[in-house]
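Student: Bring the two chains, given one by one in their own frames, into a single complex with the hints.
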Amino acid sequence: MSAQRTSTMTAVWLVLQRDLRLATRRPAQLIQPLAFFAVVTLLFPLGYTPELSKLRAVAPGVLWVGALLASMLALESLFREDAGDGTLEQFVVSGQPLVALMGAKTAAHWLLTGLPLTLMAPVLAIALGVSVAAMPGILLSLAIGTVSLSLLGAVGAGLTLGVRRGGVLLALLTLPLAVPVLIFGAKATELAIAGESLTGPLYLLGALAVLGVTLAPIAAAAAVRIGLE
Amino acid sequence: MCELSVKNLHVFRGERYLLKGLEFEVPRGVCLQVAGANGAGKTTLLRVMSGLLEPEALELRWRGGRVSPRDPEYHATLFYLGHDPPLKDDFSAVENVAFNVGIRRSVSRSDVRAALERVGAQRFADLPVRTLSAGQRRRVALAALRLSGTNLWLLDEPVTNLDLAGQSLVVSLIEEHLVHGGLVVAAIHQDLGLSLSRRFSLNVGTGEGLP
Chain A
1 MSAQRTSTMT AVWLVLQRDL RLATRRPAQL IQPLAFFAVV TLLFPLGYTP ELSKLRAVAP
61 GVLWVGALLA SMLALESLFR EDAGDGTLEQ FVVSGQPLVA LMGAKTAAHW LLTGLPLTLM
121 APVLAIALGV SVAAMPGILL SLAIGTVSLS LLGAVGAGLT LGVRRGGVLL ALLTLPLAVP
181 VLIFGAKATE LAIAGESLTG PLYLLGALAV LGVTLAPIAA AAAVRIGLE
Chain B
230 MCELSVKNLH VFRGERYLLK GLEFEVPRGV CLQVAGANGA GKTTLLRVMS GLLEPEALEL
290 RWRGGRVSPR DPEYHATLFY LGHDPPLKDD FSAVENVAFN VGIRRSVSRS DVRAALERVG
350 AQRFADLPVR TLSAGQRRRV ALAALRLSGT NLWLLDEPVT NLDLAGQSLV VSLIEEHLVH
410 GGLVVAAIHQ DLGLSLSRRF SLNVGTGEGL P
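These protein sequences, in sequence, are chains A and B.
Just so you know, my numbering puts 187 at position 187 of the first sequence, and the rest follows in order with no gaps.
Throughout, my numbering is defined as the position within the second sequence, counted from one, plus 229.
Honestly, I wouldn't trust all of these hints.
What the hints assert, rightly or not - Covered stretches of chain B, going by a simulated chain A footprint (3 or more residues, C-beta under 8 angstroms):
1. 271 to 281
2. 305 to 313
3. 330 to 342
Claimed, not checked - To spell it out: a stretch of chain A is covered by chain B in this simulated footprint if at least three of its residues, at any positions, have a beta carbon under 8 angstroms from a beta carbon of chain B; those stretches are:
4. 22 to 28
5. 90 to 103
6. 143 to 154
Since the hints were made in silico from the structure, they are not lab data.
Note that the structure is a prediction, hence the values are computed from the model and not measured.
Just so you know, even glycine gets a beta-carbon here, dropped at the ideal spot from N, CA and C.
Next comes chain B alone, as it looks inside the complex (with noise of 0.2 angstroms):
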């Protein structure tokens, strides 16, 4: 029994299809890398499962149980990380990743600040994150993300604006985590060479997946 299945998920844009009947499962320590082209409703899929987009139809399988997007359990035990990093320009790196983690559970200043400095972000945590460049601000939402200590991690292109030393940060992030028997769903158009046996790809283009 795989911890997360979806099944059966019709989402329309307007008159057409843009996800049909798609279908997938993942085992506990899997990251399912959603591949396809702009456009294909890679970020539709991941909003979808975060209960933030109503599909038409969908079958969500979570830990066993058929759950909604939209429960509140279900979303204590997942986090979403879409394509802006969810930062107030006007607070640091720090109280940013308090605030983000901490509504969702307890966490100390120290946690934080080893969060910080796990993604390289030692150096600029202090500053207000409007001075900080993209790929600055990606590391500090990574930092957030790590802490949140979410079972389930769906990640929109989490790789966008990093450099070579970013890139591989979330893969060890990534892998980090499905050690631990963690999932992860992420939209990436690049192979970031994580081990085969965890990684799926899914077309969604077609709507079909390969396992």
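Just chain A, same shape as in the assembly (with noise of 0.2 angstroms):
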């Protein structure tokens, strides 16, 4: 009866590859967030100014508030589905460490909607009158601020298991936690736009970054263990 256990990487690894396999089944629920940040910054021309000069001037943070609302839309679909159906009650029992699962599928949100919106920010900039060359500090900012996002919410997502439709419980405990991630991000954006040196904010976006993937997983396993109870 004894077989090959699977190691800890192959199962991080498989979980990593069965939520980008679900998220291609179904394409509308990768597609919404993105959706949802393209409308919101294109209603600033249309409620604001379609002047570009003043567009540019409040594009850092309109690119970060629609990038870190897309983002949380996609949130409550992290663990609600796996909890509904007994997967994680499976992951909880699998005898492996749920603190690594958690950040497989932390990693998998990221990739099916962190890094999207990076890539999709560029293009909506454009709109908002940023030029090309505010390009490379857009993306890499993106980049690593949505990493945070992800792992913050997934903390969120954990503690709002237990809760019936507690997406605006989630929203609400996460914005706040989402602040140094915002303020950083928008800095160094800004500061991109304007032609200057970003690496002040990146260096603590990374750091904030760094300490989410240290720390999210173990309270987000921690936070799923007790919303299974």
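Tutor: Below is the structure:
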């Protein structure tokens, strides 16, 4: 009966692969946050002013708030479905460290929302009158910042598992914690648009991401355990 | 010395005891059938034993040593099958079983197919699980159980939604498992006709085990 036990690395890879494959079966869920990001951002030229110089001034805030809300939108489904069909319970009793599996799920979430949002941001930035020279800085700051957002969101999603329709609660819990990411991210984008060096806020964004990678999966695993009881 | 022993198990729900001072032992090759009225705590017992629910107190011994029900090493030797089969609607039966078993041990696609055939699921092995009936889904979950290669099976109502053929399938899977020295703790209402020497009854409602 004894067979080769799956290594943690393999299990992590399997979970990641599974989440990505699941997403391809339901492309609508993938596209919704992106469409939301696009619509929110493009409302500003309509609602505020079509004047590019004015739009350029608010572009960092608009892009970051849009990305933050869009990433939040995709969070609720992060654990909810797996909790509903008993998959999370199987994770807990799989003999694999739950922290590693939560890390895998969070990584999948970033690949499915954070990364596409990042890649889409330059297109939207152009609509806000940002010059092409600022694009590398915008891409870099969003790529790092959305990692932190996914990690924070995983903790929030774990904590709201036991709550029916926890979407609003999830946003209320997570958004305040995302404030540092928002501040440094918007600052980095602002500097990128102004054509100045953005290493300062970028380092801080990186530090937040490292802190998140280290601690968030542990917190998410603990939250999921409580949520399943 | 029994393979599995539970002592001094207490679970509160709010102000009242749900499980009070529960004690039982399960030797190798034995299926402990947990009986009891609805709400007596059968599911709670199984969830406590699989580490999903934190009890107020528990002395769990497994293979001669004291273990925590949250120990990954202990989890690696058990399979918990809850009320609902843990399946992804968008995946086929093959994909589901390959994943559920794959995070525990390496398994080949042909093993997966053989297990699905064993539980009578070969006909719908490649259909999305969404299109399957409740009984068919249960069969798919049983395939993962059989393939898991685990020693201790914790089964919550394993025959729910199954037709008569499915129920005897569960019985034969359990008996096969017991012959190989496995252990089963199952919450089952009906008498499945497992050979008596291998069946214990436990009346959860009163917290007393009857050997």
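Student: Can you name, in rising order, the numbers of the hints this structure does not satisfy?
Tutor: When the structure is compared with the hints, only number 6 turns out to be violated.
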